[in-house]
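Visitor: What follows is the residue order along each chain.
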Amino acid sequence: MEHFSDIIIELFEGFGNTVLLFAATLVVALPLGLLLAFGSMSKFKPLKWLVNVLVWVIRGTPLMLQILLVSFIPQYVFSVPTKQLAAALNISINTTMFLFVAIAFIINYACYFSEIYRAGIEAIPQGQYEAGKVLGLTKNQVFGKIILMQVVRRILPPMSNEIITLVKDTSLAQILGVIDLLNAAKHAVNHYVILSPFLYAAIFYLIFNGILTLLLGWIEKKLSFYQV
Amino acid sequence: MAFFEIENLTKSFGAVQVLKGVSVSLEEGQVLAIIGSSGGGKTTLMRCINFLETPDGGTITVDGEQVFPAEKSNKERGKSRLTFGMVFQAFHLFPQYTALKNVTLAMDVQSENELRERGVKFFARKALMKEKRAQNEETAKALLTRVGLEEKMQNYPYQLSGGQQQRVAIARALALSPKILCFDEPTSALDPELTGEVLKVIKDLRNEGRTMIIVTHEMEFARNVADKVIFIADGEIAEEGTPEEVFGNPQNEKTKHFLAKEEV
Ligand SMILES: Nc1ncnc2c1ncn2[C@@H]1O[C@H](COP(=O)(O)OP(=O)(O)O)[C@@H](O)[C@H]1O
Ligand SMILES: [Mg+2]
Chain A
-7 MEHFSDIIIE LFEGFGNTVL LFAATLVVAL PLGLLLAFGS MSKFKPLKWL
43 VNVLVWVIRG TPLMLQILLV SFIPQYVFSV PTKQLAAALN ISINTTMFLF
93 VAIAFIINYA CYFSEIYRAG IEAIPQGQYE AGKVLGLTKN QVFGKIILMQ
143 VVRRILPPMS NEIITLVKDT SLAQILGVID LLNAAKHAVN HYVILSPFLY
193 AAIFYLIFNG ILTLLLGWIE KKLSFYQV
Chain B
36 MAFFEIENLT KSFGAVQVLK GVSVSLEEGQ VLAIIGSSGG GKTTLMRCIN
86 FLETPDGGTI TVDGEQVFPA EKSNKERGKS RLTFGMVFQA FHLFPQYTAL
136 KNVTLAMDVQ SENELRERGV KFFARKALMK EKRAQNEETA KALLTRVGLE
186 EKMQNYPYQL SGGQQQRVAI ARALALSPKI LCFDEPTSAL DPELTGEVLK
236 VIKDLRNEGR TMIIVTHEME FARNVADKVI FIADGEIAEE GTPEEVFGNP
286 QNEKTKHFLA KEEV
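Chains as they are written, first to last, in the numbering used here: chain A, -7 to 220; chain B, 36 to 299.
In isolation and in its complexed conformation, chain B is listed as follows (with noise of 0.2 Å):
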C-alpha cells in the first residue's frame, strides 16, 4: 500500500456531484501535482484531504492508516504530529499577530495540550509553558529562516507582501511536521513577480524530501516540481501519469484542450 492513498472519494454539494469518485496515491517523499480548469474540483478535493469538508464516500489512508473514515478519534491519535498541512491561496494569516506568532500559536496549543493530557494541573502547566514557548520559538525561528524571512519575525502580515505572507504561511504549516503538506494554488493571489519566490520555496522542500500536494496553475512549475501529475476535469481524474506523460503526452482530449490553452 501507498504511503498516501485516497480511493473512491466523493462528494456532493446538494445535488451536484463534485467529486465523482477519485482514486490516487503517492509515496513518501513525492510531490504529486494537481491540474484542471477552474471549477473541476481540485479545491474541494484538497478540502476533503484536509477535513475541512467531509466527503460523502471513500477512504483516506496516510502510513497504513486510516484516516478517513477515521478509524481513531482525532484526540487517539494524539496530535504530536499532524497528518496534514495546508497552504491555502489566500494566505489567512493571523492579522493580529507577528510573523513569528503566526507560527508559533498551533505549537504552543499543541504543547499545552499534551502537558494537559499528561494530567499537569494549571499552574505546573504554565510553569512549565515557559520553557516550552522558548523552545518552539527556536523552532520557529528556524523554519521562518528557512523560507527566507529572518528578517521578518517581528512583522505583522499587513506589513509583508503577498509573496512574504504566503512564505509564512508555509512555514506556519510546517510548524507541527504535518506528514503531508497541501498547497492550493499558492500563487494564484499573488503579482506574477512574486510567485518565484514563493515556488523556490516549495522546489527547496521537495529537494529535502517533504510529500507534497499542490494544486497549480503554473505549468512549468508542475512539469519541474511533482513526480506524479494528475488533471481533474468535471470532478473525475482524466489524465495521471508523470510529468513526462501528462504534458508531454496527453491522452486525454479534455487534456489535450487544457494545456494547448494554457501554452498560449
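With the rest of the complex left out, here is chain A (with noise of 0.2 Å):
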C-alpha cells in the first residue's frame, strides 16, 4: 500500500481525461445526432440516402478502426504530419490526439443517437402532429412543443444504455496513447509491478456508472408523471 497516494493521483489524472472524452462526445453528439435523425427522415433522397450510408458504415465497422483512420487522415490524406498539425493549431500532441479520438468519438457515437432518436420520432403518432396543425401551430412549434418531449420520454431507456456503453468506450483513447483512466492504471501496473491498479480503476469506472445510472434513473422517473 506504500505508493497508494501517487496511484490514486495517477487514476484521478487519468480518469480526468475519461470524463472530458465523456462530457465531449455527449455534448456534441448529442444534438449532432439529432441532426442525422433529421437528415435520415427527409424527404430529400440524396440527403437522406448520404446518411443512412453513413450510419450503416459507422456503425457496421468498430471504433477503434474509426479512431485510428481519423488518426491517419491529416498525414495520409493532407500530407499533413501530426507534429505540424500540432505546431500549426499551437496545442500539443498530446491535446492533438485527444482530439482525433474526441472527433471519432462524436461521429460514431452521433450515428447510433441518430437511430434512437429516429426510432422515438417514428413512435409518435401522426395524430399528434395534425391535431398541433389544425390549431395553428407551425411544423416547428409542432415539434418543440408537441413531439420533442414525447420523444424525449421515450428514448430514454435505450439512451441511457449507450450513455452507459460509452463510459466504458472510452478506454479505446489509448490506441491513441491517451492517457485516460484504462491507461493510467495499466501505466501505474507496469510502474509499480502490482495488479491493484486494476482494480481501484474499476472501482472508479463502477462510482462514475453508479452515479450515473441513478441519474439517468431519475430523469425517468421525473419524465413519467403521464402514461400515453
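Honestly, the hints are just simulated from the structure, not real lab data. All clues stand as given, with none of them false.
Using C-beta positions, here's what the derived DEER-type ranges look like:
| # | chain 1 | residue 1 | chain 2 | residue 2 | range |
| --- | --- | --- | --- | --- | --- |
| 1 | B | LEU163 | A | GLU212 | 33 to 43 Å |
| 2 | A | PRO54 | B | GLY154 | 51 to 61 Å |
| 3 | A | GLY119 | B | PHE157 | 26 to 36 Å |
| 4 | A | PRO149 | B | GLU279 | 50 to 60 Å |
| 5 | B | LEU163 | A | GLN219 | 31 to 41 Å |
| 6 | A | GLN219 | B | THR180 | 22 to 32 Å |
Built from N, CA and C at the ideal position, the CB exists for glycine as well.
Take the two lone chains, each set in its own frame, and fit them into one complex as the hints suggest.
Guide: Rendered as C-alpha cells:
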C-alpha cells in the first residue's frame, strides 16, 4: 500500500481525461445525432441516402478502426504530419491525439444516437402532428411544444444504455496513447509491478456508472408523470 | 354567397379518385351532418377542409374569403381567429399536458406569435406572456367548465375516460374560436354509454349558434341536430337536403339502402 496515494493521483489524472472525453462526446453527439436523424428522415432523397450510408458504415465497423482512421487522415490525405498539425493549432501532441479520439467518438456516437432519435420520432403517432397543425401551430412549434417531450421520454431508456456503454468505450482512447483512466492504471501496474491499480480503475468506472445510472433513472422517473 | 362554400372539390390518392367533385354550402350558425358508409370519402373531405390534405382541385370559401386555393398566406390572414377547428375520432390529446394545458397551448402560442409580430423583443415578450397566460387560462377554464370538466382540469389525458378526453378535445378546438368547428365521427371510438355526454356537448354548441360540420354514424343525432344533411357515397354527394328530406324521403337508391341498413 506504500504507493497508494501516488497511484490514486495518477488514476485521477487519467480519470479527468476519461470524463472529458465522455462529456465532449455527449455534448456534441447528442445534438449532432438529432440533426442526422432529421437527415435520415428527410424528403430530400440524396441527403437521406447519404446519412443512411454514413450511419450504416459507422455502426458496422469497429470504433477502434474509426479512431485510427481519423488519426491517419491528416498525414495520409492532406500530407500534414501530426507534429505539424499540432504546431499549427498551437496545441501539444497529446491534445492533438485527444482531439482525434474525440472526433471519432463524436461521429460514432452521433450515428448511434441518430438511430435512437429516429425510432423515437417515428413512434409518435401522426395524430399528434395533425392535432398541432389544426391548432395553427407551425412545424417547428409542433415539434418543439408537442413532439420533442414525447420523444425524449420514449428514447431515455435506450439512450441510457448507450451512455453507459460510452463510459466503458472511453478506454479505447489509449490506442492513440491518450492517458485515460485505464491507460493510467496500466502504466501504474507496469511501473509499480502490482495488480491493484486495475482494481481501483474498476472501482472508478463502477462509481461513475453508478452515479450516471442513478441520475438517468431519476430523470426517467421525473418524465413518467404521464402515460400514453 | 353562403358563409361556407365548397365548389367542385376533388382529391385522388394515386390512381384512386376519392373525392369526385364535391360541392356543398352552409349558412352561418347552421349544422351540416355528413353521413355515408365507410370508405365513401367523408374523412378525406374533412381533412381537405382542415388543410390536412391538399385537394387536387376546387375551391373552399369561408365568410367571403377564399381559403383554398388561398388568396393570402396564412400569415397575412392573421391567425387571431382560426378558420376551422377540428375534433378527431381518436381525440389526439397531448398526453404530456393536463386537460387545462391541452386547451391553453394553442392560445399561448398564438399570444406569443402576436407579440412577436408586433415586434416585442424577447424579454419584454416573456414578461408580457405571464399576464397573457393567466388570461388564456381563465378562458380555458371557462371552456372546460362549459363541457362539464371543471373537476378534471388538472388531470392528464390518461386519467380521463374516452368521453372526457373527447370533451377536452372539443374545448381545445374551441380555444381559438374557429369560425367553423369540424367533427370526424366524434363518438365512434367511444363505448356506447359514453357517447351521450359528447353528443350533448355538441347539441349545446348548436344551440349557441355555432357553425359546425359533423361526420357521424349516429343517425338519430344527425336527424336532431343538423340543419342540412349530405349523404356521401363513392366520393360524391348522392343525396342532400334537410334531415326530413334525407331521412324521411330519400331519393337515391344508395341512400335508401344505407338508411335501411342503419335502421336495424
Ligand atoms: N392517405 C391515403 N392514401 C391512400 N388512400 C386513402 C388515403 N386516405 C384514404 N384513402 C382511401 O380513400 C377512400 C375514402 O376514405 P375515407 O375518406 O377515410 O372514407 P370514410 O371516412 O368515408 O370512411 C378509401 O378507399 C380509403 O382507402
Ligand atoms: Mg372516416
